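A.B. asks: Chain by chain, the residues run as shown.
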Amino acid sequence: MTITTLKLNLGPQHPSTHGVLRLLLELDGEKILSCEPDIGYLHRGMEKMAEKLSYIQYLPTVDRIDYLAGFFYSELLCRIVEKALGIEIPEKVRVIRVLLLELNRISSHLLWIGAFLMDLGAVSPFFYAFRDREMILRYFEKLTGQRMMYNYFVFGGVRRDIDFLEEVENIISVVSEKLNDYDKIITENPIFLRRTLNKGILDKETALNYSITGVNLRASGVDFDYRFQDCLYKGFDIGTVVLEKGDAFTRYQARTLEIKESIKIIRQALDYLKKSAKLEQKLVNPVNLKLPEGDYYADIEAPRGLASCFVRSLGEKEPYRLKWRTGSYYSVNLLRKLLVGEFLNDAIAISGSLDIILPEVDK
Amino acid sequence: MDWNKFYEVFSDCEIQGSKILIKSRLHDVIKFIKENYPFDILKEIIAIHNQDGSFELIYHLYSTIDEENLLISIFVKDKAESIVDLFKSAQADENEIYDLFGIEFTGNDNLKRLYMPESWEGHPLRKDYVQDDTRLCWNDDNDA
Amino acid sequence: MNYLYFLYIEFLQRHNIPKLFGDITYYIIPFCIIAAALLVVVLGLVLVERKLLGFFTQRKGPNRVGWWGLLQTLADAFKLLCKENITPCKVDRFLFNLAPVLVFIPMMTALGIIPYSSEFTFVNTSTNVILYLILAAFPVLSIFLAGWASNNKYSLFGAARSISQVLSYELPMTFVILSVVVLASTMNLTGITLAQTSLWRFSGWFIFPGFLGFVILFICILAELNRCPFDLPEAESELICGYNTEYSGMRFAIFYLSEYGMLFANSLFLAVLFLGGYLSPFGKYFFSSSFLIYFEQAFWLFLKASIIVFLIIWIRATLPRLASFDLIKFSWAVLLPLSILNLFIAVIIKFMGAGLCF
Chain A
1 MTITTLKLNL
11 GPQHPSTHGV
21 LRLLLELDGE
31 KILSCEPDIG
41 YLHRGMEKMA
51 EKLSYIQYLP
61 TVDRIDYLAG
71 FFYSELLCRI
81 VEKALGIEIP
91 EKVRVIRVLL
101 LELNRISSHL
111 LWIGAFLMDL
121 GAVSPFFYAF
131 RDREMILRYF
141 EKLTGQRMMY
151 NYFVFGGVRR
161 DIDFLEEVEN
171 IISVVSEKLN
181 DYDKIITENP
191 IFLRRTLNKG
201 ILDKETALNY
211 SITGVNLRAS
221 GVDFDYRFQD
231 CLYKGFDIGT
241 VVLEKGDAFT
251 RYQARTLEIK
261 ESIKIIRQAL
271 DYLKKSAKLE
281 QKLVNPVNLK
291 LPEGDYYADI
301 EAPRGLASCF
311 VRSLGEKEPY
321 RLKWRTGSYY
331 SVNLLRKLLV
341 GEFLNDAIAI
351 SGSLDIILPE
361 VDK
Chain B
1 MDWNKFYEVF
11 SDCEIQGSKI
21 LIKSRLHDVI
31 KFIKENYPFD
41 ILKEIIAIHN
51 QDGSFELIYH
61 LYSTIDEENL
71 LISIFVKDKA
81 ESIVDLFKSA
91 QADENEIYDL
101 FGIEFTGNDN
111 LKRLYMPESW
121 EGHPLRKDYV
131 QDDTRLCWND
141 DNDA
Chain C
1 MNYLYFLYIE
11 FLQRHNIPKL
21 FGDITYYIIP
31 FCIIAAALLV
41 VVLGLVLVER
51 KLLGFFTQRK
61 GPNRVGWWGL
71 LQTLADAFKL
81 LCKENITPCK
91 VDRFLFNLAP
101 VLVFIPMMTA
111 LGIIPYSSEF
121 TFVNTSTNVI
131 LYLILAAFPV
141 LSIFLAGWAS
151 NNKYSLFGAA
161 RSISQVLSYE
171 LPMTFVILSV
181 VVLASTMNLT
191 GITLAQTSLW
201 RFSGWFIFPG
211 FLGFVILFIC
221 ILAELNRCPF
231 DLPEAESELI
241 CGYNTEYSGM
251 RFAIFYLSEY
261 GMLFANSLFL
271 AVLFLGGYLS
281 PFGKYFFSSS
291 FLIYFEQAFW
301 LFLKASIIVF
311 LIIWIRATLP
321 RLASFDLIKF
331 SWAVLLPLSI
341 LNLFIAVIIK
351 FMGAGLCF
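Residue numbers (the numbering used here), protein chains in the order written: chain A, 1 to 363; chain B, 1 to 144; chain C, 1 to 358.
FYI, nobody ran anything at the bench for these hints, they're computed from the structure. Any given hint might turn out to be false.
As the list claims (entries may be wrong) - In silico EDC-like pairs for lysine to aspartate or glutamate, Cα to Cα no more than 20 Å straight-line: (1) A:K278 to A:E91; (2) A:K204 to B:E68; (3) A:K234 to B:D66; (4) A:K282 to A:E91; (5) B:K88 to A:D203.
Stated by the list, open to error - Chain A is nowhere near these chain C residues, computed Cβ spacing over 12 Å in every case: (6) L12; (7) P18; (8) F94.
Unchecked claim - Which stretches of chain A does chain B cover? Using the computed rule of at least three CB atoms under 8 Å from a CB of chain B, they are: (9) 40–53; (10) 305–312; (11) 329–341.
Keep in mind it's a predicted model, so treat the numbers as computed, not measured. All C-beta atoms in this analysis are idealised placements derived from N, C-alpha and C, irrespective of residue type, glycine included.
Go ahead and model the full structure; you've got the sequences and the hints to work with.
C.D. replies: The structure is reproduced here in structure tokens:
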């Protein structure tokens with residue numbers, strides 16, 4: 001008797017691939033023998049586009065690299081330009097950026113919680129998470145005029161002074177209260193524990209070998225958080241979450257705990273901003289902006305891992321080469337290893353727990 | 001970081017700050033660094049198509065212990081050594097570079113077109129890539 | 001032959017219509033009534049589920065079509081009716097078209113054997129319980145047909161999961177039903193209802209001696225219906241839609257309809273077995289006219305079934321999906337021993353004397 005395996009084409013149009021990821025699975029029954037991710041269904045040529053656009057023309061598009069955490073990528077591009085021109089951003093701008101980045105991180109993690117539970121088949125937490133995320137998006141909309149593609153950070157500062165701080169206070173008090181509710185409906189749920197505990201264990205060495213960064217790496221026991229070295233976060237008391245086990249449940253736990261840490265950072269930023277004077281900043285004139293010749297590099301701790309931007313400038317209006325590093329891109333590569341030997345419904349939980357977002361993968 | 005040990009083995013390399021310029025033996029260099037220095041993450045591989053037609057590959061290593069960056073730069077024609085056996089994440093980067101720059105990586109036989117269709121001619125991030133590509137215009141006129 | 005039958009024959013004879021005609025139509029009319037009532041019930045049920053899920057997740061639910069969204073499901077059904085029936089070219093045409101028909105028949109029949117009131121059972125045989133067991137397990141056959149004939153890997157997975165699920169939950173279900181049969185000493189559903197008549201209000205209901213059985217049967221019914229947390233055969237995030245991925249238009253609507261019809265039938269069945277069926281929870285009826293009492297009895301039955309439906313929807317809003325391994329393990333390792341234990345308890349209660357529970 002010959003044993004034939006089943007080739008299953010998971011995606012690109014599939015409810016649980018969070019976009020258009022395509023996984024070619026080889027199955028024996030429901031057991032996965034091999035997994036081959038296929039990406040590129042959302043490729044927009046972000047890097048090629050940069051070579052044709054001036055920096056200020058390119059700035060609005062970078063929010064689209066990760067539509068759930070747009071602030072992080074515009075911050076990266078701004079930082080590159082500021083680094084190249086040697087501009088020191090004012091203290092208040094720095095704090096505003098920290099506040100918005102952390103709020104953005106919370107909204108991104110909240111969406112992930114909802115989507116992850118949706119993958120596991122629980123309907124309600126999705127709506128609860130969206131309800132809380134909605135408050136943050138409403139605030140962003142009030143401040144920047146956009147819910148997702150903010151285009152708020154500009155070279156040398158922010159587009160306008162921060163406002164509606166009492167709303168931020170309201171958001172963080174509600175979110176920290178709601179996190180306890182999530183614990184009740186999610187973390188104390190025996191079925192959820194059965195589905196996630198000891199599933200998709202990612203050990204330290206594998207995680208490093210596959211260049212996994214961010215929350216996924218910290219859930220595997222590596223204490224690496226770029227925020228500690230980041231000059232943007234200078235003066236802030238940052239707590240980081242390092243957990244040992246590295247399974248799907250730990251990754252869930254790490255994200256919820258990170259929301260709490262982000263709330264603490266926001267509190268510090270709020271304290272500063274409430275006392276601060278009116279914003280005074282000197283923006284870079286973007287018309288005819290030319291970066292001096294050289295290579296520039298900037299990193300940031302994005303919600304889905306370390307994000308970085310590399311620019312080589314030849315002193316032209318446009319960068320000669322611009323390269324993005326995104327966290328999810330490497331998580332997709334990890335699926336090749338992590339899914340092998342798992343069952344189909346565990347595979348969905350595992351790939352969900354890595355927090356892959358496709359626009360970030362395809363760039 | 002003490003680079004003397006490194007110099008002893010690879011004497012033709014040039015070190016500028018946190019950047020190492022190498023001419024050949026890419027796989028050996030990275031293997032040596034991985035084994036002897038605490039660089040544990042390959043952050044990314046950056047490829048640049050220079051104006052003279054050669055490609056510069058920058059291997060960006062990072063140490064989570066010392067929190068230090070290391071860039072290893074090499075100029076290649078259109079073939080490079082694969083380091084997939086050292087860092088599994090290189091699979092993703094090499095595949096992307098293979099697709100967008102057309103650089104072959106010897107030792108990695110899992111390369112395929114990633115973003116572009118399988119039969120696509122040309123590599124978009126090369127500087128000599130045709131910009132106004134008629135293949136991208138789906139007009140009815142083009143069908144004839 | 002029951003009271004309604006005689007009323008009907010008498011009515012026909014008064015109008016000089018032969019008895020033979022009455023004998024035939026007596027069995028056809030009820031199914032027409034069911035079919036009509038079913039549409040209303042299912043449309044209502046879908047709306048109730050969406051409304052409840054909306055409330056559970058702090059939304060409004062459907063609220064645009066008609067007052068309070070009442071016509072939403074009607075509009076949806078109309079839309080499905082108007083849609084094209086796509087038959088993909090590589091499916092097994094005959095089986096593909098047969099599956100929705102087969103899924104509909106057992107559901108209709110199952111609704112026909114429920115005693116809605118003391119004189120109102122369409123099909124009243126002495127072994128209704130056995131008949132019901134067969135009918136409840138029957139839809140899985142058509143689910144498998146649908147999955148196999150669709151020639152789609154996701155459908156096939158859904159079908160295979162469905163088979164393994166029903167196979168493992170059928171056994172505890174049978175044991176629990178057996179314990180009720182022991183308590184009531186009859187296999188007739190009307191008889192089981194009457195066996196729960198009690199001196200004081202609802203003290204005679206079988207849920208009191210057989211609470212364990214009630215819980216087990218409830219879980220088994222969830223599994224049989226492919227409802228959350230046992231919705232593996234149509235797990236949206238894994239198998240897209242499971243066995244009915246390839247179905248569209250009216251054929252999909254039939255699957256959908258029969259799913260909710262079966263949900264309602266199973267709730268009715270559970271109410272009959274454990275919650276005293278059509279008996280009033282107050283021990284007496286509010287109406288004195290014999291004709292109105294039928295309606296009151298039907299009302300009580302529907303109320304009890306609605307509570308069970310509410311529970312099922314509540315569970316759907318709360319729990320994530322089980323893993324496929326846990327699902328089968330749970331049935332064989334937990335439910336089966338417990339259901340056998342439940343049967344023993346029932347036997348002991350029965351022979352220790354009925355006085356214990358009445």
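A.B. asks: All hints are to be evaluated individually against the structure, with a verdict given for each.
C.D. replies: How the hints compare with the structure:
Annotation: proposed proximity of K278 (chain A) to E91 (chain A) holds, straight-line Cα distance about 12 Å (limit 20 Å). Note on K204 (chain A) and E68 (chain B): the hinted pairing holds, with a Cα-Cα distance of about 19 Å set against a maximum of 20 Å. For the hint linking K234 (chain A) to D66 (chain B), the alpha-carbon distance of about 19 Å falls within 20 Å, and the restraint holds. Straight-line distance between C-alpha atoms of K282 (chain A) and E91 (chain A) comes to about 12 Å, which keeps the hinted pair within the 20 Å bound.
Restraint check for K88 (chain B) and D203 (chain A): the C-alpha separation of about 14 Å stays at or below 20 Å, so the hint holds. Every CB of chain A lies more than 12 Å from the CB of L12 (chain C), the least distance being 52 Å, so the non-interface label holds. For P18 (chain C), the non-interface assignment is confirmed: its Cβ lies about 56 Å from the closest Cβ of chain A, beyond the 12 Å cut-off. Distance check on F94 (chain C): its Cβ is at least 25 Å (rounded) from any Cβ of chain A, clearing the 12 Å threshold; non-interface status holds.
Coverage of a stretch by a chain is defined here by at least three residues with a beta carbon nearer than 8 Å to that chain's beta carbons; for the stretch 40–53 of chain A and chain B the count is 5, and the condition holds. For the stretch 305–312 of chain A, the proposed coverage by chain B is satisfied: 4 residues have a C-beta within less than 8 Å of a C-beta in that chain, meeting the threshold of three. Counting residues of the stretch 329–341 of chain A whose C-beta lies closer than 8 Å to any C-beta of chain B gives 6; at least three are required, and the coverage claim holds.
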